[in-house]
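A.B. asks: Heads up: the sequence lines are chains A and F, in that order.
Everything in the first sequence is counted per the working numbering, starting at 1 for the first residue and increasing by one.
Everything in the second sequence is counted per the working numbering, starting at 1 for the first residue and increasing by one.
The reader is advised that the hints may include incorrect statements.
Stated by the list, open to error - Computed spacing ranges between beta-carbons, pair by pair:
| # | chain 1 | residue 1 | chain 2 | residue 2 | range |
| --- | --- | --- | --- | --- | --- |
| 1 | A | ARG286 | F | GLU88 | 23 to 33 Å |
| 2 | F | SER18 | A | TRP71 | 56 to 66 Å |
| 3 | A | GLY97 | F | SER29 | 20 to 30 Å |
| 4 | F | SER29 | A | ASN193 | 50 to 60 Å |
| 5 | F | HIS121 | A | THR136 | 39 to 49 Å |
| 6 | A | ARG286 | F | SER139 | 38 to 48 Å |
| 7 | A | ASN193 | F | ASP205 | 52 to 62 Å |
| 8 | F | SER18 | A | GLY126 | 53 to 63 Å |
Hint data in this document are derived by calculation from the structure and do not stem from the laboratory.
Positions of the beta carbon are idealized from the N, C-alpha and C atoms, including for glycine.
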Amino acid sequence: MTEIFGVPAQVLYGQLLLGLVNGSFYALLSLGLSVIFGLLNIVNFAHGTMYMLGAFLAYALLNPLGLNYWWALALVPVLAACIGIVIERTVLKRIYGLDNIYGLLVTFALTMIIEGVVRVYFGVSGLRYPVPQALTGMLDLGFMRLPVYRVWVIVAALGLCLLTWAIIERTRLGATLRAGTENPRLVQAFGVNVPVLVTLVFGWGVGLAAFAGVLAAPLMQLTPQIGHSIIITVFGVVVIGGMGSILGSILTGLALGLIEGVAKVYYPEASSTVIFVVMILVLLVRPHGLFGKQ
Amino acid sequence: MSETVLLLKNVHGWYGQSHVLHGVDLDVSRGEVVSLIGRNGAGRTTILRAIMGLLERREGRIEVKGRDVSSAPPHRLARAGLGYCPEERGIFSTLSCEENLLLPPVTRAGSGMIVSLPEIHQMFPNLAERAHSPGTRLSGGEQQMLAIARILRTGADILLLDEISEGLAPVIVQTLARVIRELKSRGFTILMVEQNFRFAAPLADRFFIIEHGRVVDVVHQSDLGRRMGAIRRFLGV
């Protein structure tokens with residue numbers, strides 16, 4: 001059997017694939033977090049909770065309602081976006097203009113509340129969401145076998161990332177959004193209803209997180225805490241990539257997923273901290289992140 | 001007397017705690033070019049910002065074409081016909097020249113005041129050449145032209161121009177003067193803040209002299225020669 005630095009190639013490939021899957025989630029989440037921070041100037045701690053909520057909404061659609069995975073993929077982001085919009089209109093809009101720490105505190109409180117509600121309804125024991133029938137099975141590449149569902153996750157997540165990138169970088173709406181991130185008051189003086197734009201962007205960001213949650217649902221035990229660990233990592237990704245760069249978020253997310261995967265193979269003890277070591281190194285050299293602007 | 005399209009009555013304005021506008025009264029008629037002159041820090045830029053709803057705190061009454069807009073949110077003002085060119089020009093660095101130009105939405109499609117893109121490119125040929133450059137890579141003169149050009153295609157008919165000649169080469173200042181004349185002949189109403197009195201002197205119909213956050217005198221173009229002494233004294237030149 002082929003070995004790479006003393007590790008069987010199959011094992012390494014398997015971990016790299018897992019790394020890419022995790023990296024796709026990091027990319028989707030850091031993208032939303034970064035766009036929300038850019039326009040709202042809010043460090044959204046509740047972003048991981050929206051990911052968790054996405055997974056549980058998918059579960060709820062399946063279990064009492066009988067709506068399958070594909071329905072969940074279409075409906076859950078919309079539902080979550082609506083919840084996000086209500087939160088933005090009722091809570092977040094009151095703290096714009098205050099110090100960042102208030103945004104962090106308020107969204108931390110929202111995390112606690114939403115998690116509490118989920119715990120009441122679904123318990124903490126860990127629920128299973130089945131892999132949809134059409135995506136079960138393995139893909140044989142000759143040198144390794146890939147679970148179809150994991151490949152689908154990477155394709156779907158990156159597709160949505162690229163769609164978001166294209167909207168922001170290539171359309172009039174995206175130009176307005178970039179301008180609003182730089183100087184919202186001037187954009188408003190030009191006649192753009194910036195408060196509505198802000199609401200929609202928050203909804204879109206929450207929708208992305210919930211979409212990631214649905215994609216992740218068949219891959220893990222669903223507990224109300226799944227948002228916690230991922231949000232901390234995603235904060236690291238955003239800091240490393242640099243705020244405000246869309247492509248930067250996507251590439252950094254993927255790269256860090258891979259780095260984690262490699263660490264799991266060669267030095268498993270470091271796999272949960274390697275991202276933060278990278279973060280410290282990047283901050284020492286480039287305080288604005290790899291792709292960030294001043 | 002033609003219609004008053006912009007009216008300020010006893011407008012007060014604040015930056016944080018400091019009270020900077022102390023009861024500004026001002027009127028601009030349709031098709032008129034009005035220049036606000038005064039020393040640095042007299043409050044001229046703040047008057048434009050107050051009109052655009054960009055101050056944290058403001059009191060008093062502002063009317064656009066007879067409609068009270070004192071409590072309107074800033075994005076409504078563009079729809080009333082105001083086009084704003086800020087002092088720092090406000091060119092967006094993450095947008096290309098063309099994206100900057102197309103950024104302000106057309107707010108008054110039927111106003112008859114829309115300057116079409118080909119006309120804009122004729123007025124400012126550089127903007128067509130630099131269409132795909134990032135906005136802040138343009139020269140100072142090009143950025144200024146872009147800042148003016150982008151409010152001409154929205155249908156705005158009242159232009160608020162803040163220090164458009166500042167820091168620019170004489171040949172570009174001459175181009176801008178030609179542009180102002182052309183805009184006036186097309187019927188635009190223009191309220192401009194100018195430090196460069198020699199630039200504003202031949203262009204404006206009336207001059208409002210601003211001192212300590214209020215209007216202290218109004219000079220008509222026809223009285224300019226006779227009142228030059230007073231103006232010099234106010235400007236401290």
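A.B. asks: So, for every hint listed, does it hold in this structure?
C.D. replies: Against the structure, the hints come out as follows:
About 27 Å separates the C-beta atoms of A:ARG286 and F:GLU88, a value consistent with the hinted range of 23 to 33 Å. Judged by the Cβ atoms, the range 56 to 66 Å given for F:SER18 and A:TRP71 holds: they are separated by roughly 58 Å. Under the hint 20 to 30 Å, the C-beta atoms of A:GLY97 and F:SER29, about 37 Å apart, miss the expected range. Our hint of 50 to 60 Å for F:SER29 and A:ASN193 is violated, since their Cβ atoms are close to 30 Å apart.
Taking the beta carbon of each, F:HIS121 and A:THR136 are about 58 Å apart, not inside 39 to 49 Å as hinted. One distance hint, 38 to 48 Å for the beta-carbon pair A:ARG286 and F:SER139, is violated here, with the actual separation near 29 Å. The hinted window of 52 to 62 Å between A:ASN193 and F:ASP205 is violated, with their beta carbons roughly 34 Å apart. At about 59 Å, the CB distance of F:SER18 to A:GLY126 agrees with the hint of 53 to 63 Å.
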